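Colleague: Chains as they are written, first to last, in full-length UniProt numbering: chain A, 1 to 295; chain B, 1 to 236.
These are calculated hints, taken from the structure and not from any lab test. Treat each hint with caution, since some may be false.
[Claimed, not checked] Which chain A residues face chain B? A few, computed with CB under 10 Å, are given here:
#, residue
1, Y176
2, T181
3, E182
4, N183
5, L186
6, A189
7, N193
8, V194
No experiment lies behind these values; they were computed from the predicted model shown. Glycine included, C-beta positions come from ideal geometry on N, C-alpha and C.
Chain by chain, the residues:
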Amino acid sequence: MMTLFGIPTAALFGQLLLGLINGAFYAMLSLGLALIFGLLNIINFSHGAQYMMGAFVAWLALTYLGANYWVALVLAPVAVAAFGIVLERTMLSRLYKLDHLYGLLLTFGLALIIEGIFRQLYGISGMPYAVPKELAGGWNLGFMYLPIYRAWVVVASLVLCLGTWLLIEKTKLGAYLRAATENPALVQAFGINVPVMITLTYGFGVALAGIAGVLAAPIYSVNPLMGSNLIIVVFAVVVIGGMGSILGSVVTGFMLGMLEGLTKVIYPEAASTVIFMVMVVVLLIKPAGLFGKGA
Amino acid sequence: MHKPDALLKVSGLEAWYGESHILHGMDFEVAAGEVVTLLGRNGAGKTTTMKSIMGMVAKRKGSATFGGTETVGLASNRIARLGIALCPEERGIFASLNVRENMVLPPVVQEGGMSLDEVYGLFPRLLERASSQGTKLSGGEQQMLAIARILRTGAKLLLLDEPTEGLAPVIVQHIGDIIRQLKSRGFTILLVEQNFHFAATVADRHYVVEHGKVIDMIPNDQLSQSMDKLKGYLGV
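Modelling step: build the complete structure from the supplied sequences, incorporating the hints.
Modeller: Below you can see the structure in the form of structure tokens.
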């Protein structure tokens, strides 16, 4: 058996791949959170529930409409975004002038309600969702076995994150978004309809969660609590990366996923807490986060 | 001194910041092509007047018409689209945008604005520093950028809030030249100033503001006769 630093390579790379997959989800979710926090000043605690809704839209579309995975990949983010836009217009928009805490409490309450409804309707045992046949199977790379679907998730996440980053950093629309994050009143006084931009940004942020939910469906089972299991770690990622930092959330997401995977090989007992230990250290040394600006 | 062709006509304008009542019935007019200043002590309500015209205060009453259109009750993005642009006191340069992005951020709201080349012609320094981060510019350059970026939008009325504040005399002179050039290009300018020596070099008329009201109007050609009165108003 091949080994590296005394660890069997198959186990090492296997765990690193799992870490990379988790990291892909951390990155997509924390990216949406960072976007929303930057412009709306809302810590969107219902992000995990919206990720779960994305997975459920995929499952419901397959079960009741016979719509396949690829259709779900378009349908779920649109549905989750539409739901998010209604939330933003009817509730969140009333909180922008208040402390962050109010947005956090409202979205936390919404998350509990949404998850409660889904639990009532579908139970907590979880529904299986098959890997689409185009992405079934895997490649034997010699040192490890790589399931095609998992490679696809990593690539899709990278493309989404890179695409979002380019949109924000390199386009006119992104310049409006960055400027409005700094000084919304002035951007609006230049003639931009900032309230509509805020609504669409929330929609876009939760659509990312919706897509992540569809990508997750064949890997984790579709169940009402899949989001709340993940969201706490994602918030740690956001804190470590720096609240509101787009690049920070993506890089930190992938890095911490890998770190988690590595810890599973080296010292499995610490795997579920290593991210929070990093969070504590980062908060002590650089409270604004690794990529955060300001104090 | 009623001007029938007032482009901006402010009457009985009141404004609040939260609970504080700042403007108590401002009355003044700016005719097309004029450069008019608002003079007054700190806290008199000059900046609030600018923000109220732009729709950036929480609560307004009274009237401010632009080209005959009532702006009180419109959102600030709608007011901008009528052809008014603000250069704010704090300059409002965006740190997350480079100079070029800052320059082209305000959308073109009407035809007839200056082209980007013409704007860079007025401010060549901004072209040299186009890829610098906006807030890495010097104070004078940031002020230039804050003025430059509203010239290509097609706005007819420019609200310049203390463009000379904290700048070296040579830069203040340069900004004076720019304002005179803009006037000759047909821009209408409402200027907030603390420095009435500077104001006298660019403006046609001066309104004196105190406690959120206009208390006097002095045409620029009568400024020297009115100097004692003006010094009394401003407490200098």
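Colleague: Of the hints given before, which are not true for this structure?
Modeller: Per hint list: zero violations.
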